[in-house]
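Just so you know, the sequences run in chain order V and Y.
Mapping to this note's numbering: the first sequence position 368 is 368, numbers consecutive.
Mapping to this note's numbering: the second sequence position 31 is 805, numbers consecutive.
Please keep in mind that the hints were generated in silico from the structure rather than gathered at the bench.
Fair warning: this is a prediction, and the values are worked out from it, not measured in the lab.
Hints may be right or wrong, so weigh each one.
Taking lysine to aspartate or glutamate and the EDC-like style, the derived pairs with C-alpha atoms no more than 20 Å apart in a straight line are [what the hints assert, rightly or not]:
(1) V:Lys396 / Y:Glu842
(2) Y:Lys833 / V:Glu643
(3) V:Lys729 / Y:Glu842
(4) V:Lys88 / V:Glu172
(5) V:Lys654 / V:Glu643
(6) V:Lys730 / Y:Asp843
(7) V:Lys675 / V:Glu305
(8) V:Lys729 / Y:Glu797
(9) V:Lys105 / V:Glu172
(10) V:Lys729 / Y:Asp795
(11) V:Lys730 / Y:Glu797
Okay, here's what each chain looks like letter by letter:
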Amino acid sequence: MDQKELRALEYRCIQEEPPLCTAACPLHIDARGFIGKIATEAWDEAWRILTRNMPVPNILARICDHPCEPVCKRREAGDSIAVSELEKACVSRTNRKVKAPSVPKRKDHIAVVGTGLSSLVAAWDLLFGGHQVTILEAHDRPGDAFLIFPEHLLARSVIEEEIAVIQAMGGELQTNVLMTKKRWLEKLAEDFDAVYVGLDDGTIPDIIPLSQGMVGVEPITLATGIKGVFAGGLGKMRKPFSAIHDAADGRKGATSIDRFVQNVSLTAARENEGPCETRLYTNIENIVAEPVVPKADVEGRYTDEEAIKEARRCIQCECMECVKNCLYLERFRGYPKRYIREIYNNEAILMGSHGQTNRLINSCSLCGLCGVVCPNDISMVDICLEGRRKLVERGKMPPSAHDFALEDMSFNNSERFALTRHEPSMEKSQFFFFPGCQLSGSSPEQVERVYEYLRQRLSGGVGLMLRCCSAPAFWAGREELFRDGIEELREEWKNASRPRMIFACPTCYKVYKEHLPEVEIISLWELLDEIGLSSSPYPSKHITITIHDPCTSRSEQGMQESVRRLLRHLGYTVEEVFLSGLKTECCGYGGLMSAANQPLAREVAKKRADEATSDWVTYCAMCRDTLSKGDKHAAHILDLIFEGSENRSAVGRKVPGYSDRHENRARLKERMLAKVFGEEGKLVEQFEQILLSISSEVRERMEERRILVEDVQRVIYHAERTGERIYNKKTGHWVASFRPRTVTFWVEYTGTPQAYTLYNSYCHRMEIMGESSK
Amino acid sequence: MTVRDQQKEKNEWTCTRCGIDLELAKVQITYVGCGFTIDALRCPQCHLVLVTEDMAVGKLAEAERVLEDK
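Isolated chain V, as found in the complex:
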């Protein structure tokens, strides 16, 4: 992905777009942030946010004509938020003055003509920028332009205090300045480095006739016909009158002057000044309509309680559609735009020195829900997959992330499990059943039953193909390994005379659909729906069961509908959760999330499991096992089809561990070879003859550490053969180790070849120089 594509991708994530209120405000005041603080009663924080961007806040907050309110998203569910009233409440109650900023003073000296709102804002901003400012007032006291506002709204004392703040910042005020002299303004422009003229003072246009050279004002910069003189603020001449627009003119003039004295472009990158458009999307589906909080004192301000209540009505506009629905996105405390930057930050990837970034890349389940709920279709799938491929390419992929899953895949495509056979006594099979490695590992007996049923019901022959579809290599970003896997699948399919493939696993189905388009495929569920389970539907069982669509079935509406029809045919009442069908979420296994980030995967599984009030049913063996680990029960649909629903024990079937899965697959192959295909196929490695007694406690620890029984057998086999073992005099146990590939396994044991007892097992990836390996 090049920089241009990257920017285009980032641009599509709209979370950082301003809320409607801020976009409509000519000064882009952070109303959302300010109101959020009031809602939590953090008044000082609210004042800080308000005054970060609002000049002369004690005046402006009281007289602002709030263009934010008519556009407020809240009006779609009740009334707009009373932003203006909240601002008044905040400035009146805190009664604070802004402190002079500590910025280095500059040498230039700016004249600000008038003491209307735009002049005060210009002076304020210039002082904040470190410029030296002299304010010139034609009358004997400043601020008379504000007398158009009633005293109860804007007291004279407030105006005087705010002007005193400007003086305290270093602004020099000169009153009774004679401005009517000929060429006065030109002279002023010569005496000062730049001049701002506030036309909103009311009296100034009379004092300085336009004939003095000010022919019109350039709208973007507020430059006049005299070099270095800028003018703005229409005051009463603006129809309708708008204090906030006058204030924005003052800011615009100050920005121009700042650029003018630094001799940089007056016009570059100013398109975002003033009110702007925003692309921010905020979902208000679940927002309950509420009216504006009324003021007890109609002429006065909100009491604290009223203000807090009103502030709490603010929906704090933001998108976060993806984050709201994904624990992974939530846990990394950001949103796609930020993640894209982090992942594609060239340095991070080149140096590969960012554990957090690597975890971000590797923890995504690649389920694609984010892309479905995003208003702009941004999906983390492509972002994370590309990130993983880059890590692999540069040799920076942490070995601990996916090695275990890839070892599993290699087992599944080895002689131990892989098998391709036509229907017994047939030369050719029209169909091939591909149960997938996880169903074979989780409930091999269902594979046998389905295969038998399919052979009974389908004519033309049904072959059997046991192996892995290579999805783990795809998820791990191992492109070469995945390509090789796909080629093997293609060869197997060609050698089997190009049969129609039947898939029990939605992931295998997806891999074939996307990467082997020449293969004719059908899901087992659509096929069973088509050929039927029995001649007439089962009577109602009066059992409600909640359906979990596996994430890899997301866009397979036909498959999803077939599963629901099958369940109803079996007599179940099917319940849906909010996130199902196209919007289904991952169980925590997908994309190798559970391999790379087990704690997160457990949380995801628990959150999903808790979404149902009844037992779950699903049609992916991995989803079934993952959802069953908590206190919820989950059934694989095959459990319900072949066990019959009267036998509810199917739902509570034990979840096999990693070792059991290997064992189940190897035994399935042996049984199929012996029972169905009439071949002797028992392939037992010598180390597998090691007989072990393992307590359930040790078994659990092994599961947690991802140590397989066969790993332990290998260590003991090696130790017994070579004598490489260490004796503990205190316990009488032996300790031995072996490193078959990339992990060193340690075993603490006793016993004789008739039976060994295992006391403990642990492992590490670090390699000890000179240790034993295969």
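Got chain V sorted already, so can you dock chain Y onto it with the hints?
Chain Y in isolation, oriented as in the chain V frame:
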């Protein structure tokens, strides 16, 4: 387990093949292209090294994480 603990325990461990007690030694270990030295019990004769459970799940696991994040 601290080095002192290991020393205290050292007489508990015997190399079965050589029939002698393990002794504390500097042992070279490597991971993702980085190598360093740790203190571990080792057979002085055949150099068979003992990694205890505490070391594996503690110091070594931590070092693996750090090196993977590098």
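Tested hints:
1. V:Lys396 / Y:Glu842: OK: Lys396 (chain V) and Glu842 (chain Y) at ~8 Å, within 20 Å.
2. Y:Lys833 / V:Glu643: violated (49 Å)
3. V:Lys729 / Y:Glu842: violated (37 Å)
4. V:Lys88 / V:Glu172: Given that 20 Å is the threshold and the Cα spacing comes to 28 Å, the pair is violated.
5. V:Lys654 / V:Glu643: This hinted pair holds, its Cα atoms lying about 15 Å apart.
6. V:Lys730 / Y:Asp843: violated (39 Å)
7. V:Lys675 / V:Glu305: violated (78 Å)
8. V:Lys729 / Y:Glu797: holds (15 Å)
9. V:Lys105 / V:Glu172: Between Lys105 (chain V) and Glu172 (chain V) the Cα gap is close to 14 Å, so the pair holds against 20 Å.
10. V:Lys729 / Y:Asp795: Given that 20 Å is the threshold and the Cα spacing comes to 10 Å, the pair holds.
11. V:Lys730 / Y:Glu797: holds (16 Å)
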